[in-house]
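J.: If you want the building blocks of each chain, they are given just below.
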Amino acid sequence: MAEVRLNDVQKVYPNGFKAIHGIDIDITDGEFIVLVGPSGCGKSTLLRMIAGLETVSDGEIHIGERMVNQLEPADRDIAMVFQNYALYPHMSCYDNMAYGLRNKGMPKDEIEKRVREAAEILELAQLLDRRPRQLSGGQRQRIAMGRAIVREPSVFLFDEPLSNLDAKLRVQMRVEIRKLQRNLGTTSVYVTHDQVEAMTMADRLVVMNEGVAEQIGTPIEVYERPATMFVAGFIGSPAMNFMDAKVEGEEVVVGGKLHFPMPNGTGALEAGREVSLGIRPEHLDLGGNGDVGLPIKVELVEHLGADTLVYGYLPWDTQNLVTLRMQGSQEFPAGHEITLTVSHDHLHLFDKQSGKRI
Amino acid sequence: MHKKVIFRHRWLPYALLFPQLAITIVFFIWPASQALYQSVLLEDAFGLSSKFVALENFIALFEDPHYLGSFKVTIVFSVAVAFLSMGFSLLLAVMADRVIKGSMAYKTLLIWPYAIAPAVSGVLWFFMFNPTVGINAWLLRQMGYDWNHYLDGGDALLLIIIASAWQQISYNFLFFLAGLQAIPRSLIEAAAIDGASPMKRFWTIIFPLLSPTTFFLLVVNIVYAFFGTFGVVHATTDGGPYGATSILVYKVFNDGFVGLDLGGSAAQSVILMAIVIGLTVVQFRYVERQVEY
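As given, the protein sequences belong to chains F and G, one line each in that order. Quick note on numbering: the first sequence equals residues 1 to 358 in the working numbering. Quick note on numbering: the second sequence equals residues 1 to 293 in the working numbering.
Quick caveat, the hints were computed from the structure, so don't treat them as lab data. There's no promise every hint is true.
[Claimed, not checked] Cβ-Cβ distance ranges computed for the label pairs, FRET-style:
{"id": "1", "chain 1": "G", "residue 1": "Ala-178", "chain 2": "F", "residue 2": "Ser-57", "range": "29 to 39 Å"}
{"id": "2", "chain 1": "G", "residue 1": "Ile-111", "chain 2": "F", "residue 2": "Glu-299", "range": "27 to 37 Å"}
{"id": "3", "chain 1": "G", "residue 1": "Phe-207", "chain 2": "F", "residue 2": "Leu-71", "range": "23 to 33 Å"}
{"id": "4", "chain 1": "F", "residue 1": "Asp-75", "chain 2": "G", "residue 2": "Leu-91", "range": "23 to 33 Å"}
{"id": "5", "chain 1": "G", "residue 1": "Ala-178", "chain 2": "F", "residue 2": "Leu-309", "range": "32 to 42 Å"}
{"id": "6", "chain 1": "G", "residue 1": "Ser-197", "chain 2": "F", "residue 2": "Glu-120", "range": "41 to 51 Å"}
{"id": "7", "chain 1": "F", "residue 1": "Glu-123", "chain 2": "G", "residue 2": "Ala-274", "range": "26 to 36 Å"}
{"id": "8", "chain 1": "F", "residue 1": "Glu-221", "chain 2": "G", "residue 2": "Ser-197", "range": "38 to 48 Å"}
{"id": "9", "chain 1": "F", "residue 1": "Glu-221", "chain 2": "G", "residue 2": "Phe-207", "range": "12 to 22 Å"}
{"id": "10", "chain 1": "F", "residue 1": "Lys-113", "chain 2": "G", "residue 2": "Phe-207", "range": "37 to 47 Å"}
{"id": "11", "chain 1": "F", "residue 1": "Glu-210", "chain 2": "G", "residue 2": "Ala-105", "range": "29 to 39 Å"}
{"id": "12", "chain 1": "G", "residue 1": "Ala-105", "chain 2": "F", "residue 2": "Asn-164", "range": "34 to 44 Å"}
[Claimed, not checked] With the Cβ distance kept under 8 Å, some of the chain G side facing chain F (calculated, not the full set):
{"id": "13", "residue": "Arg-141"}
{"id": "14", "residue": "Ala-178"}
{"id": "15", "residue": "Ala-182"}
{"id": "16", "residue": "Ser-186"}
{"id": "17", "residue": "Leu-187"}
{"id": "18", "residue": "Glu-189"}
{"id": "19", "residue": "Ala-190"}
{"id": "20", "residue": "Ile-193"}
{"id": "21", "residue": "Asp-194"}
{"id": "22", "residue": "Pro-198"}
{"id": "23", "residue": "Ile-205"}
{"id": "24", "residue": "Leu-209"}
{"id": "25", "residue": "Pro-212"}
For clarity, every value in this text was computed on a predicted model and none was experimentally measured. Every residue gets a Cβ at the ideal spot worked out from N, C-alpha and C, and that includes glycine.
Just chain F, same shape as in the assembly (with noise of 0.2 Å):
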């Protein structure tokens, strides 16, 4: 068990190119960290470089009280889940779990003893004498958490683990996981793309794009008050609505005709500030007591079952899709013409250049 502090980490590859431009995060013993972002945003970067299968170019990467920059993997007491669970074809499950101990020069008993435990809490004892290619993805899933626990790290690092899962499997992993590491108080730096994940998982998110974190924090906070624009859009299914907006004395205004209050505590900002106004889905009501009345003509509506999803257009942006998120099912014909209300609590205001919450 270890905190684990990064320290204005950077990757440069030998081409020039930038993948990582100096991240900081300092991860407190025992927690639940999940870097997420799109493809090549560098989440799985940084945590080859935690793990120290990428060389680190810049900056100081300390796992417990040790400097780990020049560390071989080996040596930095880390375990590793990865993508496609990497585990060794040629082996049985029991060998499988036992290399790491073995390498190790651990007396056969105590192997014996740790690969038992682990595969008692993994519910995998019946499966120790087959091969990886025996079992079902789930199956292989649990071996390779198994190989992971056995060897009583420091820190989990978990690269998209869940990726290769059917949905009902992932969601029952992700539990699992979750409890696991919970129970062991293990800290873990996990790696996905998918939101859903992140924000079930994880007791903080790093939200990372083009190799900046744009925002650490509790997945509340970030879905709530989210720093960039960037976070904003991508955290939250279905996405953000962005409208382009003036500052007007006290007021933002869409478009000449919409005019929203400042959301809570933004100060007062200069007159004719370009911003950008975002409204998450879900905070748009149809026909509510909203303080702004937005008027859209709809355009297309995806029935989900519990929720509906409807897409329309305000009158004067056929550009940009505004989208609503309301419970239960409702129908509208395309063409038809809706009220939709907000409360100025659920405003998100970003300065339209730097894309930064204001």
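Following the hints, put chain G in place on chain F, whose structure we already have.
T.: Using the frame of chain F, we list chain G on its own:
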């Protein structure tokens, strides 16, 4: 899955099969049956008549110390060729697998020896080891070893082993490299995290995962050493000195066309045929249905 093709004309399938059948019959079945037939005949000294002697040719062969010696030479030779060439190409492939810059040039250069005819490769090494003018023989003499493959049977055997193994390195290299590249990178990384040193990773992860490739190449190399190396021997040592490099295929040729013992030579080829069939069975049974990871 069984797909039955229906032809409208009766003769069409036969016509389509005819070229392949003709080639097989004229160049394979017929000579093979001739060899079988010849192997039970004995010719008189002038080649004017021959008589049926049943299995006497075979009995004579297995009582002949020269033939049994040739068997031993062949086994030593093919095992040495297979291990030397496979070991060396595995080493090269492991190196090439890590090369990033200029890997294409490196790979291309390594494939060239395969394009050289066995006889030419034999002659090449023959010259390099020539006791009077060869550079390798000179180097060895500097180190205090008096190399002479004209007189020393061991030297001669080593010469054809080197020449034959060198030829086969390219082929083995290609397969080993493909095998190495098919091993997922994450397995090696997992092993590194599991605390295995690079040597240990190679022997406990990479080498076992290459075993299907290795087994396939072992069969191919043995077959090559048994049957594909006639040119090397013929162009260099002519089976000498005193039979030290007389491998089975070379002895078939030498006894039949130089010694003019057609019956005995035919009997030898029948035995070789049996060995080929055996190796083919091994290849089909175990290589084609190899364990898939």
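J.: Now look at each hint and say whether the structure bears it out.
T.: Right, here's what the structure says about each hint:
1. In this structure, Ala-178 (chain G) and Ser-57 (chain F) meet the distance hint of 29 to 39 Å, their C-beta atoms being roughly 33 Å apart.
2. Checked against the given bound of 27 to 37 Å, the beta carbons of Ile-111 (chain G) and Glu-299 (chain F), roughly 60 Å apart, lie outside it.
3. Under the hint 23 to 33 Å, the C-beta atoms of Phe-207 (chain G) and Leu-71 (chain F), about 27 Å apart, fit the expected range.
4. Here the CB-CB span from Asp-75 (chain F) to Leu-91 (chain G) is close to 28 Å, well matched to the stated 23 to 33 Å.
5. Between Ala-178 (chain G) and Leu-309 (chain F) the CB atoms are about 49 Å apart, so this pair departs from the stated range of 32 to 42 Å.
6. Checked against the hint of 41 to 51 Å, the C-beta distance between Ser-197 (chain G) and Glu-120 (chain F) comes to roughly 31 Å, which is inconsistent with it.
7. A hinted range of 26 to 36 Å is violated for the C-beta pair Glu-123 (chain F) and Ala-274 (chain G), which are about 55 Å apart.
8. Between Glu-221 (chain F) and Ser-197 (chain G) the beta carbon distance is about 44 Å. The supplied range of 38 to 48 Å therefore holds.
9. For Glu-221 (chain F) paired with Phe-207 (chain G), a C-beta distance near 50 Å fails the hint of 12 to 22 Å.
10. In this structure the supplied range 37 to 47 Å is violated for Lys-113 (chain F) paired with Phe-207 (chain G), their Cβ-Cβ distance being about 30 Å.
11. The hinted window of 29 to 39 Å between Glu-210 (chain F) and Ala-105 (chain G) holds, with their beta carbons roughly 35 Å apart.
12. Checked against the hint of 34 to 44 Å, the pair Ala-105 (chain G) and Asn-164 (chain F) passes, with Cβ atoms roughly 37 Å apart.
13. Hint on Arg-141 (chain G) is violated. Least Cβ distance to chain F is approximately 47 Å, over the 8 Å limit.
14. Checking Ala-178 (chain G) against chain F: minimum C-beta separation of about 17 Å lies over 8 Å; hint violated.
15. A cut of 8 Å between beta carbons decides the hint on Ala-182 (chain G): the least distance to chain F is about 12 Å, and the hint is violated.
16. For Ser-186 (chain G), the interface hint holds, the least distance from its beta-carbon to any beta-carbon of chain F being 4 Å, beneath 8 Å.
17. Checking Leu-187 (chain G) against chain F: minimum C-beta separation of about 5 Å stays under 8 Å; hint holds.
18. Interface hint at Glu-189 (chain G): satisfied, since its Cβ lies 5 Å from the closest Cβ of chain F, which is below the 8 Å cut-off.
19. Contact between Ala-190 (chain G) and chain F, as hinted, is supported at the beta carbon level, the nearest pair being about 4 Å apart and thus within 8 Å.
20. With a cut of 8 Å, the hint placing Ile-193 (chain G) at the interface with chain F holds, because the nearest CB-to-CB distance is about 5 Å.
21. The beta carbon of Asp-194 (chain G) is positioned within 8 Å of a beta carbon in chain F (closest approach about 3 Å), and the interface hint is therefore held.
22. For Pro-198 (chain G), the interface hint is violated, the least distance from its beta-carbon to any beta-carbon of chain F being 10 Å, above 8 Å.
23. A cut of 8 Å between beta carbons decides the hint on Ile-205 (chain G): the least distance to chain F is about 6 Å, and the hint holds.
24. The restraint placing Leu-209 (chain G) at the interface with chain F holds, with a minimum CB-CB distance near 6 Å, inside the 8 Å limit.
25. At its closest, the beta carbon of Pro-212 (chain G) sits 10 Å from a beta carbon of chain F; the interface hint therefore is violated under the 8 Å criterion.
Hint compliance for this structure: hints 2, 5, 6, 7, 9, 10, 13, 14, 15, 22, 25 are broken, all remaining hints hold.
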